[in-house]
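Undergrad: First to last, the sequence lines map onto chains A and B. full-length UniProt numbering puts the first residue of the first sequence at 1, with every later residue one more than the last. full-length UniProt numbering puts the first residue of the second sequence at 1, with every later residue one more than the last.
Some clues are possibly wrong.
Any copy, or any two copies together, can satisfy a pair, since identical chains are not distinguished.
[Stated by the list, open to error] In silico PhoX-like cross-links for lysine-lysine, where the CA-CA straight-line distance does not exceed 20 Å:
| no. | residue 1 | residue 2 |
| --- | --- | --- |
| 1 | K389 | K306 |
| 2 | K108 | K370 |
| 3 | K306 | K351 |
| 4 | K351 | K414 |
| 5 | K306 | K446 |
| 6 | K317 | K418 |
| 7 | K414 | K123 |
| 8 | K240 | K306 |
| 9 | K272 | K165 |
| 10 | K54 | K383 |
| 11 | K345 | K370 |
| 12 | K240 | K391 |
In short, the hints are calculated from the structure, not lab data. Owing to the predicted nature of the structure, the values given are computational and were not obtained by experimental measurement.
Number of protein chains: 2
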Amino acid sequence: MNCPRIPLILLLFSSVHGFQYTNLANYVDSHQEEYVEALREWVAVESDSSNILKRSELHRMMELTAKKLQQMGGSVNLIDIGNQELPDGQIIMLPNVVTAQFGNDSDKRTVCIYGHTDVQPAKLEDGWATDPFNLTEINGNLYGRGASDNKAPVLAWIHAVEAYKSLNMELPVNVKFIFEGMEETGSNGLDAMIQSHRDTFFSDVDYIIISDCGWLSRKPALTYGTRGNCYFFAEVEGPKQDLHSGVYGGTVIEPMTDIIGLLDTLISPSGKILIPGIREAVAPLSDEEWKMYQDIQFDLDSYMSKIGVSQLMYNNKVDLLAHRWRYPTVSIHGIEGAFSDPGTKTVIPAKVIAKFSIRQVPNMEPVMVKKQVTEYLHSMFAKRRSPNKLKVTMVIGAKPWIADIRDLLYEAGKAAVKRVFNTDPDLIREGGTIPIAKTFQDVTGKSIIMLPIGGFDDGLHSQNEKISRYNYIEGTKLFIAYLYEVSQIKKSSV
Amino acid sequence: MNCPRIPLILLLFSSVHGFQYTNLANYVDSHQEEYVEALREWVAVESDSSNILKRSELHRMMELTAKKLQQMGGSVNLIDIGNQELPDGQIIMLPNVVTAQFGNDSDKRTVCIYGHTDVQPAKLEDGWATDPFNLTEINGNLYGRGASDNKAPVLAWIHAVEAYKSLNMELPVNVKFIFEGMEETGSNGLDAMIQSHRDTFFSDVDYIIISDCGWLSRKPALTYGTRGNCYFFAEVEGPKQDLHSGVYGGTVIEPMTDIIGLLDTLISPSGKILIPGIREAVAPLSDEEWKMYQDIQFDLDSYMSKIGVSQLMYNNKVDLLAHRWRYPTVSIHGIEGAFSDPGTKTVIPAKVIAKFSIRQVPNMEPVMVKKQVTEYLHSMFAKRRSPNKLKVTMVIGAKPWIADIRDLLYEAGKAAVKRVFNTDPDLIREGGTIPIAKTFQDVTGKSIIMLPIGGFDDGLHSQNEKISRYNYIEGTKLFIAYLYEVSQIKKSSV
C-alpha cells in the first residue's frame, strides 16, 4: 500500500470539516421503513445459486439489482461471465455480474464495493420459525434467507449512495459497485471477470471494500484477515467392488480401516496438528497481537452457549481467538464411498475418499502444505503395509488474506465507527476463507478493507438467518460515514 | 441331535437298495428346458422386497410360488404374517409366507426345506450386461437377478419333488416347504411365524434344510456354520448444530476427530482385534479343523483375482479360511451425519454415528460382545478428555450357527454328493450370517443342514448375478438324491 501513516487524531480533525453527517443520518432514520421494504422485496427472490432449478430467480435477482442502481442514475452494466457446466454435462448460463459507477471525478479517490445477492438454500421444514423468503420482523430482528448474507449489506451500500444523491450532496469519492450472483457456490466465473477487467473497470480503483462478514460481538468491528483453505481428498482404493462384510470380512485389508488409521494421524485430541512442518511455518504471535486480542470484547461463555458445547479447545480468550483466526486447524468433514445412510448395511466399501481441510494462515504456503500433507500421509500409509492404493489430492488451495491494520483504510474505518457508534471498533479476523479478497489483492494490487455490519449471531448459512434493524440502519450510516472518511485519506496523504 | 452315528459305508450300502436314481436323473435331464423356462418366468417377476413400489410384484411372486406347489398336488397355505411399518409411519402388508406339504406318512421322516423368492434390487444401469429381469443364457450361465439367490435353488427343490411324482415314485420322506418373501430385508415377520407354528407345522419336522448359499470352489460343498453379527452404532455428539469449519475450526473439539480416534482403536493394520476379551473368547482351532481346512480345495490366487486385490490378510489357505469362517473380524462400514457426497463442503458435523460390525463366532456371546465393545470405547473416549457425548448401541445381535458335522444329515449329504458328482464334498462354513438358521435351531430344536447348489462366482447381491445351467440341473439331481439319502437315516438309525 502506498499511503504514509498519519495519526488518527489528524483524520478525526479533518473529517469534521464540511461533512453534513447529521443530515444524512436523519435522512436514513426517516427512510428506514423503505429500506426494510427494499430488503423484503429482495429476500422474496429465492436466489439460491446452488440449486439450478432456481436459476431463473437468480437471473431475476441480478436484474433487480441492476434496476435499483439504474434508478439511482448510475452507469450500470450486466456482464455476461459465461456458462456453468453441470456434473451431468448440461450447460447453463451463469448469472450476470452487475457493475455500476457513481461519479467520475479524477480529483477524487475511487472505491469499489464488492457484494453478492445470491443466497444459501433454505426450506421452512429445515427448522425455520418463519418462511425464509418472507422477511419477518420479530423483536427488532429481520428474519429471512440472505438478510445478513449479503442482501442487507448490499442494500445498505446502495442506500448510502442514494442518501447523498437524494440530499443533493456531492459524493465524497467515486463509487463503483461489483455485485455477483455465485458467491455461495464458489464465485464461479468471477476470477476471470476480475482478471479481464483489470485494466478497464479496476484501472482507476483505489480501494476495495467488502462487507460480507460479521462482527465478533455486539461491538462494531473491522476485519483485517481471513484464513486460507487447503482442502484435501485422501482416497484409498482396495477391492474392485464393494464386498459383503460377512463373506469377505477377515480376509481382505479394508480401505476403511486404512483411511481411519490415516485420518487419526492428522490431529491430536487436544488439537495439535501432527503433520510435520505445518506448525513450524506459522508466523509467531507477536506481543502486539497478544495485546490486541486481550483487548477485544469477547465472552467465552456466550460463545459456548451459542454453539451448544460445554468446553472449548482453549479456555482463555487470547488462545481461543488466536486459534480461530491466526493458527491453522484440521477439520475432517466426512468420507465419500462409505455407508452414510440411516440404518445398517454390511458392506466393505471398495474405495473411500476422506475429505479434510486445513485452514492455513501466514506464513504457510498452499503448495508447501500440499507437499507436507501428501508426503506425511504416504509415509504413514507405508507403515501400515497395506496393499491398497492411496491417492492424496489438494482440491482447493485458497490463500489466506491479511491487511496491514496500519493502512489508512483502517484508520478511516475507525473514524467512521467512532462517528456512528461512538466507540472504537474491534480489529478482528475471520476464521473462514473469502478467496475473492486475495484475488482482488493479487489482481488489482489495491488495498482492501472488510467493513462488516452483520451481527455476531445472524446465523449465516443456518436456519433463522436474520439481520437486526439496528445493524441494518446504523450500518447504512456507517457506510455513509465511511465514504466520507475514506475521501479524507486523499486530502491528508497527498 | 438324536441320531446315533453310523459309518458312511453302511449308508452307502443301504442307499443303493430300491432307489431308482438313474430314472430320476434321466427325467431331470430330459426336462431341463422346462426348468430353465420356469426360472425365466420367476426371474421376470421383480420381487424386490426392499422397494415398496415393487410390493405388488412381491405379492404376485408368492402367489406364483403357491400356484406351482398347488399344481403339483401339495397341501398349500399362504400365511398372513402381518404388516410392515415404514419409517414414515405408513403401514403395508408383508408378503405371505408359503407353506406346502407333500406326504404325511408317519413311518417316514419329515424334512422341511426353507427358501425365499424375494430378491435384491437390480437396475440395468448399475452395470448389468443384460436385463436383470430377463433371464439370459450366455456360455452355459443363466444371468438374472435372483437366479442363484434364491429362485433356482427353490425351483430345484420343487422340481426334485415333481420328478418323483411324475414318475409315480413314492417320496422317500415327507416333504414340507417354507418359502418367504422378505429374506433380503431381514426376514421381517418370519421369526414370529416360526414361533407360532412350532407346535403345528413344525411339530413333526425331523430335519431342516436350507439351500441359500454357495459352494467355495467348483467342488460341491456342505455348509455347517455361519458367523453371527454384532452391529454397532457409536454416536458422538458435540455442538447443537453443524458448524462452518472456517469460522469455528480450531475452537471446538470436533465429533469427527473423536469418532475417527475411537474407530482407530478397534483393529490393527494386520487385522488384530484390539478390544480386550474378544479374541480370548473364541473357540480354539482344533487339529481336526486345521486338517479339514488343509484338505479343502481353495486357491488363494483365484480368490484374489475375483476380489481384485494384490494381497490378502493371510497368505496361506488355512489362516485365510479360518479368518473367513471361524474367527471374528471388525468391519467399519461408514459414518452417518458426516459429509459423504461428491465435492467439497466445509462443515464440522455436529453429530456423527459410526457404523461397524463384528462377525462373531463360537464361543462369543452377543451380550458379552456388547459389554466388551461398549466398555472399551467408553474407556478409550475417556482418555481423549473430550466434552462431547458418546453413545454406543448394539443394533443387531445375530448369533452364529454351527452344526455338528458328525450329524447323519451331513453323512446323507456326503452320500448324495458322491452319487451325483462322484466326489466328496468340501465341508465349509459361511463368513456371513443367516440368522434364520439359528432361529430354526432354537425354536424347533431340530438338526439343520445347509445344502448349497450355487456356484462360488454367482455374484449374489452384485451385478450380473447368475447360476450355471450345470449347477441348476445337477443341483436338482442332488436334491433328489438327498431326499433319498436322508430317508435312509431313519432305516439305519431306528
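Undergrad: Hints first: check each against the structure and report whether it holds.
TA: Here is how each hint holds up against the structure:
1. K389 <-> K306: between (42 Å within a copy, 18 Å between copies)
2. K108 <-> K370: Neither: 44 Å inside a chain and 75 Å across chains, both beyond 20 Å.
3. K306 <-> K351: Only across copies: K306 and K351 sit 16 Å apart there, 38 Å inside one copy, limit 20 Å.
4. K351 <-> K414: neither (53 Å within a copy, 41 Å between copies)
5. K306 <-> K446: Classified as neither: same-chain Cα gap 36 Å, cross-chain 61 Å, threshold 20 Å.
6. K317 <-> K418: neither (25 Å within a copy, 79 Å between copies)
7. K414 <-> K123: The answer is neither: 38 Å in one copy and 64 Å across copies each exceed 20 Å.
8. K240 <-> K306: between (46 Å within a copy, 9 Å between copies)
9. K272 <-> K165: Answer is neither; intra-copy 54 Å and inter-copy 76 Å both fail.
10. K54 <-> K383: neither (49 Å within a copy, 48 Å between copies)
11. K345 <-> K370: So K345 and K370 pass the 20 Å test across copies only (19 Å; inside, 35 Å).
12. K240 <-> K391: within (16 Å within a copy, 34 Å between copies)
Taken one by one, the earlier hints fail for this structure at numbers 2, 4, 5, 6, 7, 9, 10, listed in ascending order.
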